[in-house]
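Listed in order, the protein sequences are those of chains A and B.
Using the working numbering, the first residue of the first sequence is number 1, and each one after it goes up by one.
Using the working numbering, the first residue of the second sequence is number 1, and each one after it goes up by one.
You may find that some hints are simply not true.
Copies of the same chain look alike in the list, so a pair counts if it works inside one copy or between any two.
As the list claims (entries may be wrong) - For lysine to aspartate or glutamate, the following DMTMM-like pairs were computed, each having C-alpha atoms within a straight-line distance of at most 25 Å:
no.: 1; residue 1: Lys-46; residue 2: Asp-204
no.: 2; residue 1: Lys-209; residue 2: Glu-240
no.: 3; residue 1: Lys-209; residue 2: Glu-194
no.: 4; residue 1: Lys-209; residue 2: Glu-227
no.: 5; residue 1: Lys-46; residue 2: Asp-241
no.: 6; residue 1: Lys-209; residue 2: Glu-225
no.: 7; residue 1: Lys-209; residue 2: Glu-130
no.: 8; residue 1: Lys-209; residue 2: Glu-185
no.: 9; residue 1: Lys-209; residue 2: Glu-184
no.: 10; residue 1: Lys-46; residue 2: Glu-225
no.: 11; residue 1: Lys-46; residue 2: Glu-123
no.: 12; residue 1: Lys-209; residue 2: Asp-62
no.: 13; residue 1: Lys-46; residue 2: Glu-240
no.: 14; residue 1: Lys-46; residue 2: Asp-62
no.: 15; residue 1: Lys-46; residue 2: Glu-78
no.: 16; residue 1: Lys-209; residue 2: Glu-102
no.: 17; residue 1: Lys-209; residue 2: Glu-187
no.: 18; residue 1: Lys-46; residue 2: Glu-227
no.: 19; residue 1: Lys-209; residue 2: Asp-99
no.: 20; residue 1: Lys-46; residue 2: Glu-130
These are computed hints drawn from the structure, not numbers from a lab.
Note that the coordinates shown come from a computational prediction; the quantities given were computed from them, not determined experimentally.
Residue strings, one per chain:
There are 2 protein chains.
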Amino acid sequence: MQGFALSVLARVRVVLVSTSHPGNIGAAARAMKTMGLLRLTLVTPKSFPHAEAAALAAGAHDVLSAARVCGTLAQALEGTVASFGFTARPRELSHAAVDVREAAAEALVAAGVGDVALVFGGEMSGLSNEELIQCGRLVHIPTQPAFSSLNLAQAVQVAAYEMWQAAAGARLERPPAVPLATHEELEHLFRHLEQVLVSTGFLDPAHPKRLMERLRRLFVRARLEREEINILRGVLTAVEDFRRRNSA
Amino acid sequence: MQGFALSVLARVRVVLVSTSHPGNIGAAARAMKTMGLLRLTLVTPKSFPHAEAAALAAGAHDVLSAARVCGTLAQALEGTVASFGFTARPRELSHAAVDVREAAAEALVAAGVGDVALVFGGEMSGLSNEELIQCGRLVHIPTQPAFSSLNLAQAVQVAAYEMWQAAAGARLERPPAVPLATHEELEHLFRHLEQVLVSTGFLDPAHPKRLMERLRRLFVRARLEREEINILRGVLTAVEDFRRRNSA
Chain A
1 MQGFALSVLA RVRVVLVSTS HPGNIGAAAR AMKTMGLLRL TLVTPKSFPH
51 AEAAALAAGA HDVLSAARVC GTLAQALEGT VASFGFTARP RELSHAAVDV
101 REAAAEALVA AGVGDVALVF GGEMSGLSNE ELIQCGRLVH IPTQPAFSSL
151 NLAQAVQVAA YEMWQAAAGA RLERPPAVPL ATHEELEHLF RHLEQVLVST
201 GFLDPAHPKR LMERLRRLFV RARLEREEIN ILRGVLTAVE DFRRRNSA
Chain B
1 MQGFALSVLA RVRVVLVSTS HPGNIGAAAR AMKTMGLLRL TLVTPKSFPH
51 AEAAALAAGA HDVLSAARVC GTLAQALEGT VASFGFTARP RELSHAAVDV
101 REAAAEALVA AGVGDVALVF GGEMSGLSNE ELIQCGRLVH IPTQPAFSSL
151 NLAQAVQVAA YEMWQAAAGA RLERPPAVPL ATHEELEHLF RHLEQVLVST
201 GFLDPAHPKR LMERLRRLFV RARLEREEIN ILRGVLTAVE DFRRRNSA
């Protein structure tokens with residue numbers, strides 16, 4: 001993750017409206033921080049600060065103690081260039097909600113130019129229609145329709161995770177820490193393997209069937225590391241040495 | 001979401017190993033159910049059943065009460081064709097971890113043909129190296145590197161969410177026509193391989209180093225088909241027969 005992406009995430013605020021359980025505020029702070037989101041805004045929380053919020057924040061006390069408390073959602077949205085209201089009942093509303101992954105991509109672009117808010121309602125009934133209308137975009141986290149009851153902090157986790165993934169860009173395929181085997185090394189392995197299979201009588205060169213083809217496919221699929229090739233060739237050499245000693 | 005996708009998700013079990021806090025078991029059950037995952041397996045949970053688990057499961061009591069409790073991870077993995085071990089410290093391990101999104105896509109394909117396990121360690125230190133070795137794939141949830149401390153239930157939520165997204169993508173590749181090897185069949189192969197390596201003198205039981213561990217990892221990663229296991233065991237038997245004939 002480059003410094004630029006981190007500075008863009010730093011422009012994203014998570015706004016929790018009318019949260020009932022202080023534990024959820026702490027758990028949300030922790031969820032945010034794991035994904036590089038540091039700005040928490042609370043609109044009329046029922047109890048804050050609170051020991052339970054602190055306990056569940058684990059190592060995210062900095063996020064919690066920097067939280068801003070507002071009296072209205074309008075105040076919480078001041079200065080933002082884009083806001084995303086999360087709702088579990090997108091079908092009841094007149095304008096379509098976007099999927100959280102699409103929303104994260106949009107939010108990241110907007111955060112490139114200004115402040116952005118991700119807005120979550122209270123535990124019991126979520127954001128009211130009046131609150132949703134203040135948000136520029138409605139966002140839906142896809143769930144099993146028959147049981148869409150995501151815990152508040154878990155909804156924040158999924159949203160924060162998608163922000164991080166969007167910022168990390170094309171899914172960072174972690175480069176393998178170890179060198180992979182080259183095509184030639186694989187070919188040497190296959191030749192060596194074939195010799196040993198013939199010499200032990202498992203492979204009849206007159207009737208090879210598709211044995212080598214199948215073994216090839218298996219090892220190619222495994223994407224062998226160089227070190228693994230060396231181990232496998234060591235095994236083959238041990239079998240050969242054994243055969244030589246005992247056939248002599 | 002088509003019925004086919006739901007039935008595929010039904011083949012995914014979430015395995016929680018050595019969970020300390022029963023509340024996390026309940027919250028994980030809720031997280032699973034929101035995303036269509038219904039099969040929970042607990043390996044040596046500290047306290048289960050427990051009132052706190054029930055409280056945090058909210059509407060997911062069915063998942064909780066159907067949970068299976070096992071004494072070992074090996075038992076929990078019995079009958080699976082693919083298993084994914086989640087870890088927060090992928091860099092410490094010698095083989096590369098895949099990103100959770102990529103893992104979900106792979107898991108979904110595997111669930112098209114058999115049972116699949118998503119495996120999570122305890123709250124304090126996650127899965128041990130010994131436990132990770134039993135999993136076919138290591139999985140990493142991308143986070144802010146300086147604060148990667150995802151709560152257990154939130155890690156389950158992100159993984160379950162990615163499973164749901166993968167299934168909803170309906171880019172379900174048709175399942176491979178061939179049966180994959182089960183966990184037990186692989187274990188038989190590893191025992192057989194170890195015997196042959198010892199008898200041919202390649203593996204010194206007094207100084208095994210990490211040879212079997214490396215070979216295990218290679219073959220687990222390849223996701224062997226049943227037929228391939230049969231071929232490999234045929235090769236091992238041929239080597240053994242050869243040795244017996246010539247040592248007599």
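Comparing the hints with the structure gives:
For the homomeric pair Lys-46 and Asp-204, neither the shortest alpha-carbon distance inside one copy (38 Å) nor that between copies (56 Å) is at most 25 Å. For the identical chains of this complex, Lys-209 and Glu-240 are neighbours both inside a copy (23 Å) and across copies (22 Å), given an alpha-carbon limit of 25 Å. Taking CA atoms no more than 25 Å apart as the test, Lys-209 paired with Glu-194 passes inside one copy only; the shortest distance there is 13 Å, against 27 Å between copies. In this assembly of identical chains, the alpha carbons of Lys-209 and Glu-227 lie at most 25 Å apart only when taken from different copies (14 Å versus 30 Å within one copy).
For a Cα distance limit of 25 Å, the shortest separation of Lys-46 from Asp-241 qualifies neither inside one copy, at 48 Å, nor across copies, at 51 Å. Proximity of Lys-209 to Glu-225 under the C-alpha cut-off of 25 Å is restricted to the inter-copy arrangement: shortest distance 18 Å between copies versus 28 Å within a copy. In the homo-oligomer, the alpha carbons of Lys-209 and Glu-130 lie at most 25 Å apart inside one protomer (14 Å), although the nearest pairing across protomers, at 39 Å, exceeds that limit. For the homomeric pair Lys-209 and Glu-185, the shortest alpha-carbon distances inside one copy (24 Å) and between copies (24 Å) are both at most 25 Å.
Proximity of Lys-209 to Glu-184 under the C-alpha cut-off of 25 Å is restricted to the intra-copy arrangement: shortest distance 24 Å within a copy versus 28 Å between copies. In this homomeric assembly, Lys-46 and Glu-225 never come within 25 Å of each other (Cα to Cα): the closest approach is 36 Å inside a single copy and 39 Å across copies. With identical chains, the CA atoms of Lys-46 and Glu-123 are at most 25 Å apart within one copy only, with a shortest distance of 11 Å there and 29 Å across copies. Taking identical chains as interchangeable, the C-alpha atoms of Lys-209 and Asp-62 are never at most 25 Å apart, the minima being 46 Å within one chain and 45 Å between chains.
For the identical chains of this complex, Lys-46 and Glu-240 are neighbours neither inside a copy (45 Å) nor across copies (51 Å), given an alpha-carbon limit of 25 Å. In this homomeric assembly, Lys-46 and Asp-62 come within 25 Å of each other (Cα to Cα) only inside a single copy, at 21 Å, whereas the closest approach across copies is 31 Å. Taking the shortest Cα distances, Lys-46 and Glu-78 sit within 25 Å of each other inside one copy (22 Å), while across copies they are farther apart (47 Å). When the C-alpha separation of Lys-209 and Glu-102 is checked against a cutoff of 25 Å, the pair qualifies neither within a copy, at 32 Å, nor between copies, at 35 Å.
Only within a single protomer do Lys-209 and Glu-187 lie at most 25 Å apart by alpha-carbon distance; the minimum there is 19 Å, versus 27 Å between protomers. For the identical chains of this complex, Lys-46 and Glu-227 are neighbours neither inside a copy (40 Å) nor across copies (40 Å), given an alpha-carbon limit of 25 Å. For the identical chains of this complex, Lys-209 and Asp-99 are neighbours neither inside a copy (29 Å) nor across copies (39 Å), given an alpha-carbon limit of 25 Å. Taking CA atoms no more than 25 Å apart as the test, Lys-46 paired with Glu-130 passes inside one copy only; the shortest distance there is 20 Å, against 45 Å between copies.
Hints 1, 5, 10, 12, 13, 16, 18, 19, counting from the list given before, are not met by this structure.
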